Amino acid sequence: MSRPEHIAPPEIFYGDVEATKYTANTRVQTIQAEMTERAVELLMLPEHRKPALILDIGCGSGLSGEILTEHGHEWIGMDISPSMLEVALERETEGDIMLADVGQGCGFRAGSFDGAISISVLQWLCNADSTSHSPAQRLSTFFTSLYSSLSRGSRAVFQFYPESDEQVKFIMTFATKAGFGGGLVVDFPNSRKAKKFYLVLWVGGEMAVGPNGETAKQELPQALMHEHEGEAGSSGPTSVKYEKRRSDRSKVKGKGKKKSGESTKDYILRKKELYRKRGKEDVPKDSRYTGRKRKDAF
Amino acid sequence: MRLLTHNLLACHARACTTTSNNFPLIFKDVQVELIQAEPNPDFIKGFLPKIEWNALVKTARSLGQDVLPEQSPDFSKPLNDEALLNSLHHILLEIHIMEGQMICPNCSHIYQIRSGIPNMLLAEHEINK
Numbered sequence: 001m002s003r004p005e006h007i008a009p010p011e012i013f014y015g016d017v018e019a020t021k022y023t024a025n026t027r028v029q030t031i032q033a034e035m036t037e038r039a040v041e042l043l044m045l046p047e048h049r050k051p052a053l054i055l056d057i058g059c060g061s062g063l064s065g066e067i068l069t070e071h072g073h074e075w076i077g078m079d080i081s082p083s084m085l086e087v088a089l090e091r092e093t094e095g096d097i098m099l100a101d102v103g104q105g106c107g108f109r110a111g112s113f114d115g116a117i118s119i120s121v122l123q124w125l126c127n128a129d130s131t132s133h134s135p136a137q138r139l140s141t142f143f144t145s146l147y148s149s150l151s152r153g154s155r156a157v158f159q160f161y162p163e164s165d166e167q168v169k170f171i172m173t174f175a176t177k178a179g180f181g182g183g184l185v186v187d188f189p190n191s192r193k194a195k196k197f198y199l200v201l202w203v204g205g206e207m208a209v210g211p212n213g214e215t216a217k218q219e220l221p222q223a224l225m226h227e228h229e230g231e232a233g234s235s236g237p238t239s240v241k242y243e244k245r246r247s248d249r250s251k252v253k254g255k256g257k258k259k260s261g262e263s264t265k266d267y268i269l270r271k272k273e274l275y276r277k278r279g280k281e282d283v284p285k286d287s288r289y290t291g292r293k294r295k296d297a298f
Numbered sequence: 001m002r003l004l005t006h007n008l009l010a011c012h013a014r015a016c017t018t019t020s021n022n023f024p025l026i027f028k029d030v031q032v033e034l035i036q037a038e039p040n041p042d043f044i045k046g047f048l049p050k051i052e053w054n055a056l057v058k059t060a061r062s063l064g065q066d067v068l069p070e071q072s073p074d075f076s077k078p079l080n081d082e083a084l085l086n087s088l089h090h091i092l093l094e095i096h097i098m099e100g101q102m103i104c105p106n107c108s109h110i111y112q113i114r115s116g117i118p119n120m121l122l123a124e125h126e127i128n129k
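From first to last, the protein sequence lines are chains R and X. The numbering of the first sequence is my numbering, which starts it at 1 and goes up by one. The numbering of the second sequence is my numbering, which starts it at 1 and goes up by one.
These aren't lab readings, by the way, just hints derived from the structure by calculation. All figures in this text were calculated on a predicted structure; none of them were measured in a lab. Think of the CB as a built atom: it goes at the ideal place given N, C-alpha and C, for glycine as much as any other residue. Mixed in with the good hints there might be a few duds.
[Claimed, not checked] Only some residues are given here: those of chain X computed to face chain R with a beta carbon under 10 angstroms:
(1) Thr5
(2) Ala13
(3) Cys16
(4) Asn21
(5) Phe23
(6) Ile26
(7) Gly46
(8) Phe47
(9) Ile117
(10) Asn128
[Said to hold, decoys possible] Here are the computed lysine-lysine pairs in the PhoX-like style, where the Cα-Cα straight-line distance is at most 25 angstroms:
(11) X/Lys45 with R/Lys50
(12) R/Lys280 with R/Lys265
(13) R/Lys217 with R/Lys169
(14) R/Lys217 with X/Lys50
(15) R/Lys271 with R/Lys293
(16) X/Lys50 with R/Lys50
(17) R/Lys259 with R/Lys272
(18) R/Lys271 with R/Lys285
(19) R/Lys217 with R/Lys177
(20) X/Lys77 with R/Lys50
(21) R/Lys271 with R/Lys295
(22) R/Lys193 with R/Lys177
Input sequences plus hints: build the corresponding full structure.
Here's what the structure looks like:
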């Protein structure tokens with residue numbers, strides 16, 4: 001899977017060429033539309049709040065905004081890439097768009113929005129694109145300002161492509177610190193391609209369901225599954241009976257230094273990294289020869 | 001950018017976090033365009049409680065629009081005043097600010113507006129950490 005966030009900062013990666021390509025690509029369009037539909041579904045807007053005012057974080061060229069318009073909602077979008085916004089202008093999207101860096105916080109009055117969606121954006125925030133950027137600080141600013149600009153009982157849904165479990169945890173920490181409740185919904189968890197991550201966050205433990213102040217407890221929605229994999233994923237055995245015993249035994253062997261499943265090369269690299277971190281001098285450089293087996297002597 | 005958005009935007013520079021004087025942003029040298037929009041009375045009704053009435057009236061007046069009453073209507077009762085709904089629709093959703101500047105009343109940061117898109121980016125020293 002390609003990771004554009006590793007290539008360049010968003011406002012540079014989505015330059016004129018890439019922005020036009022992205023928006024004209026029908027495959028991107030369908031996927032974005034599907035994900036936006038799902039995100040709107042996960043927002044679970046109560047009937048009396050429709051049509052609502054939605055914040056689209058990282059609206060890009062307005063592909064996701066179009067779906068919001070189709071649902072009859074008003075939306076305000078923010079994005080950091082001027083080229084993407086230019087494409088949005090050409091496409092004459094219905095919502096208002098603005099040039100903003102969400103990592104600097106969103107400057108809206110408290111309680112402005114009935115909900116927020118964000119499609120394929122959050123992973124960009126985990127990168128430090130300039131020396132003054134700190135992902136931790138940017139995420140924290142972002143979530144804190146988002147929390148205050150949402151009205152009570154509303155939700156924010158982020159579709160994103162996490163790199164690892166640690167990254168999910170990292171993001172979740174800042175969301176929780178900002179006061180959000182919620183969690184991760186993984187659609188089609190057993191499919192490599194259709195698997196999608198949605199971070200569903202809410203403000204306050206109760207969501208408004210009726211016009212006269214009726215509330216219901218916020219609950220994480222069910223993830224989608226392919227029909228045939230329903231059982232295998234949830235109730236089937238996840239490990240074989242004696243599996244644990246074998247892993248226990250392997251732990252005792254050796255000096256207990258090498259982590260299980262780690263190759264000799266990984267071990268060497270890990271140790272060298274550790275020494276560098278501790279500031280030890282003369283740690284040999286990593287090269288393609290590092291940890292390689294020598295030729296068999298005849 | 002419509003006045004709907006303007007009514008929600010506050011300055012988010014570091015100097016303005018502890019003040020309530022960061023709203024509303026003041027328009028300067030603006031070019032306005034009127035673009036017809038589908039009437040959406042349900043949306044307006046739902047959005048009413050969120051409006052900062054005084055700011056909206058003040059901003060609309062500064063743009064030469066004085067259809068809104070000085071006194072804010074009672075939001076606790078359902079709004080059935082057809083004329084008021086129409087004028088709110090016009091003010092909130094049909095007036096587009098195309099070019100110009102928005103200035104924060106507190107820190108005087110100038111947010112430029114070009115082809116209808118406000119530039120809300122902050123300089124490094126203004127970011128709220």
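Hints, one by one, checked against the model:
1. Thr5: holds, 4 angstroms
2. Ala13: holds, 8 angstroms
3. Cys16: Since chain R brings a Cβ to about 9 angstroms from X/Cys16, closer than 10 angstroms, the hint holds.
4. Asn21: Because about 13 angstroms separates X/Asn21 from the closest Cβ in chain R, which is outside the 10 angstroms limit, the hint is violated.
5. Phe23: holds, 6 angstroms
6. Ile26: Status violated, d = 15 angstroms.
7. Gly46: holds, 6 angstroms
8. Phe47: holds, 6 angstroms
9. Ile117: The hint holds - X/Ile117 has a Cβ within 10 angstroms of chain R, the shortest such distance being about 6 angstroms.
10. Asn128: OK, holds: X/Asn128 within 10 angstroms of chain R, min 6 angstroms.
11. X/Lys45 with R/Lys50: The hint holds at about 10 angstroms.
12. R/Lys280 with R/Lys265: Given pair R/Lys280, R/Lys265 holds - Cα atoms ~20 angstroms apart, limit 25 angstroms.
13. R/Lys217 with R/Lys169: Given pair R/Lys217, R/Lys169 holds - Cα atoms ~24 angstroms apart, limit 25 angstroms.
14. R/Lys217 with X/Lys50: Satisfied, since the Cα-Cα distance of roughly 24 angstroms is no more than 25 angstroms.
15. R/Lys271 with R/Lys293: holds, 18 angstroms
16. X/Lys50 with R/Lys50: holds, 15 angstroms
17. R/Lys259 with R/Lys272: Measuring from Cα to Cα gives roughly 15 angstroms; hence the hint holds.
18. R/Lys271 with R/Lys285: holds, 12 angstroms
19. R/Lys217 with R/Lys177: Holds: R/Lys217 and R/Lys177 sit about 21 angstroms apart, inside 25 angstroms.
20. X/Lys77 with R/Lys50: holds, 18 angstroms
21. R/Lys271 with R/Lys295: Given pair R/Lys271, R/Lys295 holds - Cα atoms ~24 angstroms apart, limit 25 angstroms.
22. R/Lys193 with R/Lys177: The given pair, whose Cα atoms are some 32 angstroms apart, is violated under the 25 angstroms limit.
In this structure, the hints that do not hold are numbers 4, 6 and 22, in rising order.
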